[in-house]
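Trainee: Residue-level listing of the chains:
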Amino acid sequence: MGILLFGAAKDIAGVPVLDKPEHITDVATLKAWLFGVYPSLQQLRSVMIAVNRTYAADTQVISSQDEIAVIPPVSGG
Amino acid sequence: MEILIDIKDTITVQEALDFIHAPECGGEVIFSGTVRNHTRQRPVLKLFYECYEAMAISEMQKIAAQVAEKWDIQRLAMLHAVGDKYPGDIAVVIAVASAHRGIAFDACEFAIDTLKETVPIWKKEFFADGEVV
Chain G
1141 MGILLFGAAK DIAGVPVLDK PEHITDVATL KAWLFGVYPS LQQLRSVMIA VNRTYAADTQ
1201 VISSQDEIAV IPPVSGG
Chain Z
1297 MEILIDIKDT ITVQEALDFI HAPECGGEVI FSGTVRNHTR QRPVLKLFYE CYEAMAISEM
1357 QKIAAQVAEK WDIQRLAMLH AVGDKYPGDI AVVIAVASAH RGIAFDACEF AIDTLKETVP
1417 IWKKEFFADG EVV
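Read top to bottom, the protein sequences are chains G and Z. Going from the first sequence to my numbering is simple: count from 1 and add 1140. Going from the second sequence to my numbering is simple: count from 1 and add 1296.
Think of the hints as simulated: they come from the structure by calculation, not from any bench. If you're wondering where the values come from, they're calculated on a predicted model, not measured in any experiment. Beta carbons: idealized from backbone N, C-alpha and C, even for Gly. Be aware that one or more of the hints could be misleading.
[Stated by the list, open to error] To list a few chain Z residues with every Cβ distance to chain G over 12 Å, as calculated: (1) M1297; (2) T1306; (3) L1313; (4) A1318; (5) G1322; (6) H1334; (7) Q1337; (8) W1367; (9) D1368; (10) A1377; (11) Y1382; (12) R1397; (13) D1409; (14) F1423; (15) G1426.
[To be verified] Calculated cross-link-like contacts (lysine-lysine; reagent style PhoX-like; alpha-carbon spacing at most 20 Å): (16) G:K1150 <-> Z:K1419; (17) G:K1150 <-> Z:K1420; (18) Z:K1420 <-> Z:K1342.
[Said to hold, decoys possible] Computed far set for chain Z versus chain G, every beta-carbon distance over 10 Å: (19) I1299; (20) K1342; (21) Q1362; (22) F1401; (23) W1418; (24) F1422.
Isolated chain Z (complex conformation) (with noise of 0.2 Å):
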């Protein structure tokens, strides 16, 4: 399995999907992860990511490594921003390519939502109220 694993202040899709297509692979999934301009109905500003870099990419690998364990997946991308992001911008992305669509969906799942439990990165969340949490 091919892998990009990029930590970074801007991302985009196109960087992701540019690296998993390929011609042996007739089934790619994009998961973007973007900024929403709200949490539990509140207005949101921005969100600042920071991460623990080294560590971050470490888990990232592993998560990596886990999916070329349980699928046939070809090719694999996951990139992360950090910094201040606004609502719209992007944030995380996950893309998958495999010859069928099936395991690209189940192996891009199984990244983000692994992703979000384990790589060290955190966000703060800049209200348009004034709180930061």
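The shape of chain G in the complex, shown without the other chains (with noise of 0.2 Å):
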């Protein structure tokens, strides 16, 4: 499964979804990950990853089955 990317983060990345390297395994590495090839991301006042629909630790475990998200702040209201 790909991951899904919203607001600012849809933004800079251009695009709405991600393939997901192998390599990744938690939620820290994915981000590091994501840092790495966003630079921009790391503009933004926060930066959080849900995984199966809930905000997840960075040490959270991630598997290829999982539906993962980056979450920019929201902005709703």
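Each chain sits in its own coordinate frame; assemble them with the hints.
Mentor: Below, the structure written as structure tokens:
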């Protein structure tokens, strides 16, 4: 399953979905990879990762079956 | 607690009010968030809201669960609009009904404050000068 991007993260990457590289097995590694490929993401106030529609800690393990999303600062309401 | 949660193109205060209206409730509190025609004195033409719908619904359900845990609320409606919204349009509605008014105010404020912090919905502002943020 790909990595879903929303809001400012989608604008920075220029695409709504990214393929997840094989070597990424937890949230911390995913964030490091994203920040390496798209340095502008580090300028956002926060970047959260959601795994299966729930905010995930850096230590959370991710597999290819998980639904992963990049969540920039939310601004609903 | 009865719960109505929805995310769609157009929402109305009336549908939220219709849902929470109940004979056992003497207090109905409604928060309606509308599109403002300026941000820090700069004219705004429109907003565009996008959401991660499945997770947004799930996060709104979590807020409803917290409301049910904290207060004796009988009915709660949480509605959010998506897509292009123009000044005066309704972007979000929170409606709460309880036997007495006090806790309905508290629950309504908690629900909108938490929604703005945790629910994955994003707005883009289109300014009159052409900038999009």
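Trainee: Taking the hints in turn, state whether each one holds.
Mentor: A quick look at each hint next to the structure:
1. M1297: 22 Å, holds
2. T1306: 16 Å, holds
3. L1313: 19 Å, holds
4. A1318: Fine: 26 Å to the nearest Cβ keeps Z:A1318 off the interface.
5. G1322: 27 Å, holds
6. H1334: Nearest chain G Cβ is 16 Å from Z:H1334, so the label holds.
7. Q1337: 19 Å, holds
8. W1367: 20 Å, holds
9. D1368: Correct as stated: the minimum Cβ-Cβ distance to chain G is 25 Å, above 12 Å.
10. A1377: 10 Å, violated
11. Y1382: 17 Å, holds
12. R1397: 23 Å, holds
13. D1409: Label violated. Min Cβ-Cβ 9 Å, cutoff 12 Å.
14. F1423: 15 Å, holds
15. G1426: The claim holds: Z:G1426 sits with its nearest Cβ about 16 Å from chain G, beyond 12 Å.
16. G:K1150 <-> Z:K1419: Distance of about 13 Å is within 20 Å: holds.
17. G:K1150 <-> Z:K1420: 12 Å, holds
18. Z:K1420 <-> Z:K1342: Between Z:K1420 and Z:K1342 the Cα gap is close to 8 Å, so the pair holds against 20 Å.
19. I1299: 18 Å, holds
20. K1342: Consistent with the label, Z:K1342 stays out of reach of chain G, its closest Cβ about 15 Å off (over 10 Å).
21. Q1362: 15 Å, holds
22. F1401: Z:F1401 clear of chain G: closest Cβ-Cβ about 17 Å, beyond 10 Å.
23. W1418: 3 Å, violated
24. F1422: At about 14 Å from chain G, Z:F1422 clears the 10 Å cut-off, so the statement holds.
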